[in-house]
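Student: The primary structure of each chain is shown beneath.
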Amino acid sequence: MPFAGLFFLTSGLYMGWSLGANDAANIFGTAVGTRMVSFRTAAIISAIFITAGAVISGAGAAKGLGALGAVNALPGSFVVSAAAATTVMLMTRAGLPVSTTQAIVGAIVGWNLFSGYPTDQEALTRIVGTWIYGPILGAAIAFALFFVVRFALNRLNIHLIRLDKYTRTALILAGVFGSYSLGANNMANVVGVFVPASPFIDLSVLGVTLTGTQQLFLVGGLATAVGVVTYSRRVMMTVGSALFKLSPVTAFVVIAATATVLFLFASEGLEAWLQGMGLPSLPLVPVSQSQAAVGAIIGVSLAKGGKNLNLTVLRNIVMGWVATPTSAALLSYVALFFMQNVFMQQVYV
Amino acid sequence: MKKTDETRGLFTSKAKTLQLDMDRLFSLVDQCALLLEEAVKKYLQDKRDGFEEKTAEIDKMEHEADNLRRDIKHRLYAEMLIPDSRGDVLGLLETLDNVLDTTKHVTMSFSIERPDIYPFLKEDFLELTENCVKAVLELTLAVRAFFRELYRVTEHLDKVHFWEHEADVIEERIKRKAFTSDEIELFSKRVHMRYFAERISMVADEAEAVAERLAVYAIKRNM
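Taken in order, these protein sequences are the chains called Z and D. One rule links them: number in our numbering = place in the first sequence (from 1) + 222. One rule links them: number in our numbering = place in the second sequence (from 1) + 1082.
Do not take every clue at face value.
Here are some chain D residues the structure puts well away from chain Z; computed CB gaps all over 12 Å [as the list claims (entries may be wrong)]:
#, residue
1, Glu1119
2, Glu1120
3, Gln1127
4, His1145
5, Asp1183
6, Pro1197
7, Glu1209
8, Leu1219
9, His1247
10, Thr1262
11, Val1273
12, Arg1281
13, Ala1291
One-sided and incomplete, this derived list gives chain D residues near chain Z with beta-carbon spacing under 7 Å [said to hold, decoys possible]:
#, residue
14, Leu1100
15, Leu1102
16, Ser1109
17, Ala1160
18, Leu1163
19, Pro1165
20, Asp1166
21, Phe1229
22, Arg1230
23, Glu1231
Bear in mind the hints are in silico, worked out from the structure with no lab data behind them. Note that the Cβ used here is the ideal one computed from N, Cα and C, for glycine as well.
Looking at chain D on its own, in the form it has when it is part of the complex (with noise of 0.2 Å):
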């Protein structure tokens, strides 16, 4: 990565630098969201290694992003870039990074808890993942707007709010499904099933509270 950093150095300018690491970070959120759709899908389908696979492709991108985020943390200052809005960069940054986190232990709790999804509510289960990815992958496109499109930030903030409204409605069905149904006889697996549809819409609630944060930058950004 190093060496990367120093061939860009010689042709690019430090903006421009920045500018490609910040495009990195967006596209690492991104990716983690898609993978967590995959791996949510391949243990439903009770694919164990596949799921471990893009489990570990998951902690191994947070982790990257998570250097990436403080390097340019360190540039904005240490470069002294951006000094009016570097305050809300950084806070974008930082709760963008609870996304990450949240997508990551999400995963990791079905590793370690392995949760028996009941049959009847897998197509809920993935239907749910499918909605916390998209409200993911919008809101990434609010972000990337908010740098170069301000006036677009609007439109996808707009649809991260109905994705996270949507991830809402199916948690709050799979739960009711999980508490009445006669398939579940025991009462803490109806527990373990409502505890992984909020830590999956949680996904979708990290995106929204980033959503919020950006929609007052977005405001404060306008000439």
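Chain Z on its own, in the form it takes in the complex (with noise of 0.2 Å):
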């Protein structure tokens, strides 16, 4: 692969980084801060199953992305991941719940719009769709697992102190739920621009062959990887100590309803399965993670009597569906006529 190839994906491994360090956070961020897992054990987890998640089933949400526009010159991939890293990073200062999503897809526009390609209107409506129905199915899928995990509680009587055992085994199956759901759906914004135009070719090691779409998943796997073990470990602390004041079993409603949100529109398996039995199925597109969580903590809160529900972070949410993608549209528009007249490198074909 040329040196130009491996530079032009720095701005993805920048994505992936930026999804380890917080995203991932998200995941054991409250079983972290409250010490309920160490945080050692938390970035081994996280790093092996995003990537696990990204390489087996990263595929689905990449294709759902793809559709909306194919970047097809590495140079112009390089800028619309960059461009959406920097939304995502600004929008991350300003104290929104910003969504790599929202930023990715935003940046993928500006490329259509730049080069010319016809956005696909309907993968358009698809995608803004989720963003709307993932932080709600996170909240009703919250909602029906707090009662049922209530339920099962109040009929065992488990003793404290078995229940803190009990609790942590839960918060790590569902970390590793999570961070296989965050891998498999998520990865797609970190290298799915790069898809089209990928500088890898299929490699093929004792007997395994891994494509050029599976080792570009990998390498955004492991950049991931590198963001958890670096970075994260204070987001998770910030996650567990002051954004939301959850319980380690509360805690647990949320991680594996947001995975769960996460996997539905990642599992191509699912997918088949729900055609084949003529049920409708959902789009393979990647969604929200933060927002998902967040829906996930108002499905809690409502399921509590509706206390504490605080509505400025809904009005952030919605505010986000539309600033985030208009500003990395923008920004991506403008990023790409510098990389085409001033860095002279072709930015599509």
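Combine the two chains into a complex, taking the hints into account.
Tutor: Here it is in structure tokens:
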């Protein structure tokens, strides 16, 4: 692979790092922040299962994103990814629950506008639709799960000390599921735009063939793992101790609900099964993990009687639906102009 | 005791051992309360040997409970257990220890000061002690429920408040009788009766103090 190819991947690697530092921290935040699970355990599980999810099941959501616009030149992919990453960074600084998905969608639309390729309206509607029903689904699942868990706890009369042990195990299992789902669903945001112009060729090692796309997802997964190891500890402590005051048991409900939402929008197997049964299936597109998590927290809050429901968070989410993709599209368009006319790189074919 | 711990360790998990030790601590509180009732009964019946025997038993149990509480506290931290409600559980164990301390103090005061309980007050003193003991027994039921059946905590706590209130009523009755009766000649004796009524009643007061904390902890623990 030429040096230029590697260089153009750096913006994707940065996105991967950011995913590991922020989104992975959301999964284990409460568990680590409340010292139910050690950071070491959380980091190892996140790194392994995010990468596994990305390599095994990442393709489905990437196809959904690809339908929006196939960025077909590597310098173009670099700019689109960098524009999305910058938007995420700026929005995070502004304290908004930003979604990597919304940023990348905006950036791709910016590329479409710049290159003159049409934006697939159907794909766009499908993706934007998930922004709305992702958090709603998160809330609904968390709401139902809350009552199931409460019913079980009231029935089983588990001693507090024993419950502590079970909760730790449940948090770890939910973390495994959450990490896998995050890798499967959100890795498309990290490396999805590089798929059409992937610099990797198929590789066969010991009879196992890794396609160029899978290698791309592996690299994204490794970048995410680095993000987890280097930066997520601080974010986890913030999530666990400052943002939402959740008990370890409710934290489990939130993580499991969020992971389920991500999994539903990523699993090709589930899609095939639903279609086989003649049932409507969910579109395989990347959804916002942080917003699904906020939805889940709202679900738990409603299940507890709707007290302490912070409507500002809801307002910020709705604002994010408009502000994030618009900013990313604008930034992407301007940066593509510079890349093409100042750095003389071909940003589309 | 160490041997028991080692044997337990072979067959049971750390969590189970801790659970058993906590149960042992709560049963020591129960037993101390029941022994208090027996001790006061013996004292009022002028069975001094029996009284001293019960006092010594309470002293021994209080000591054992102290060691057990320190051990549980140490393990909760050393083994990083229940990080979320550890502070509350430790607070609970500490205040529960106050109930034991007060119980021990009552019998010690009887043993050292040997108050002359006037016959017309004996029934009242016994009733006061019985109500205080009932408050403590309800409290330990509430504490046990806190660990296992959270939804039952409130019903037990209500009873703790009830018995504490009853104890207050009897305490007041004893004081009024002591200060109005012609049978007690010396003012110092009247004060002595008041002092012992207050001392015994403090057992129920301490139980209520734990109950109030427990009510808050239970709300916090609720999912």
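Student: The structure should be examined with respect to each hint, and the outcome stated for every one.
Tutor: Verification of the supplied hints:
no.: 1; hint: Glu1119; verdict: holds (29 Å)
no.: 2; hint: Glu1120; verdict: holds (31 Å)
no.: 3; hint: Gln1127; verdict: holds (41 Å)
no.: 4; hint: His1145; verdict: holds (24 Å)
no.: 5; hint: Asp1183; verdict: holds (25 Å)
no.: 6; hint: Pro1197; verdict: holds (42 Å)
no.: 7; hint: Glu1209; verdict: holds (35 Å)
no.: 8; hint: Leu1219; verdict: holds (20 Å)
no.: 9; hint: His1247; verdict: holds (29 Å)
no.: 10; hint: Thr1262; verdict: holds (50 Å)
no.: 11; hint: Val1273; verdict: holds (45 Å)
no.: 12; hint: Arg1281; verdict: holds (34 Å)
no.: 13; hint: Ala1291; verdict: holds (21 Å)
no.: 14; hint: Leu1100; verdict: holds (5 Å)
no.: 15; hint: Leu1102; verdict: violated (10 Å)
no.: 16; hint: Ser1109; verdict: violated (15 Å)
no.: 17; hint: Ala1160; verdict: violated (13 Å)
no.: 18; hint: Leu1163; verdict: holds (6 Å)
no.: 19; hint: Pro1165; verdict: holds (4 Å)
no.: 20; hint: Asp1166; verdict: holds (5 Å)
no.: 21; hint: Phe1229; verdict: holds (5 Å)
no.: 22; hint: Arg1230; verdict: holds (5 Å)
no.: 23; hint: Glu1231; verdict: holds (5 Å)
Comparing the model with each numbered hint stated earlier shows that hints 15, 16 and 17 do not hold.
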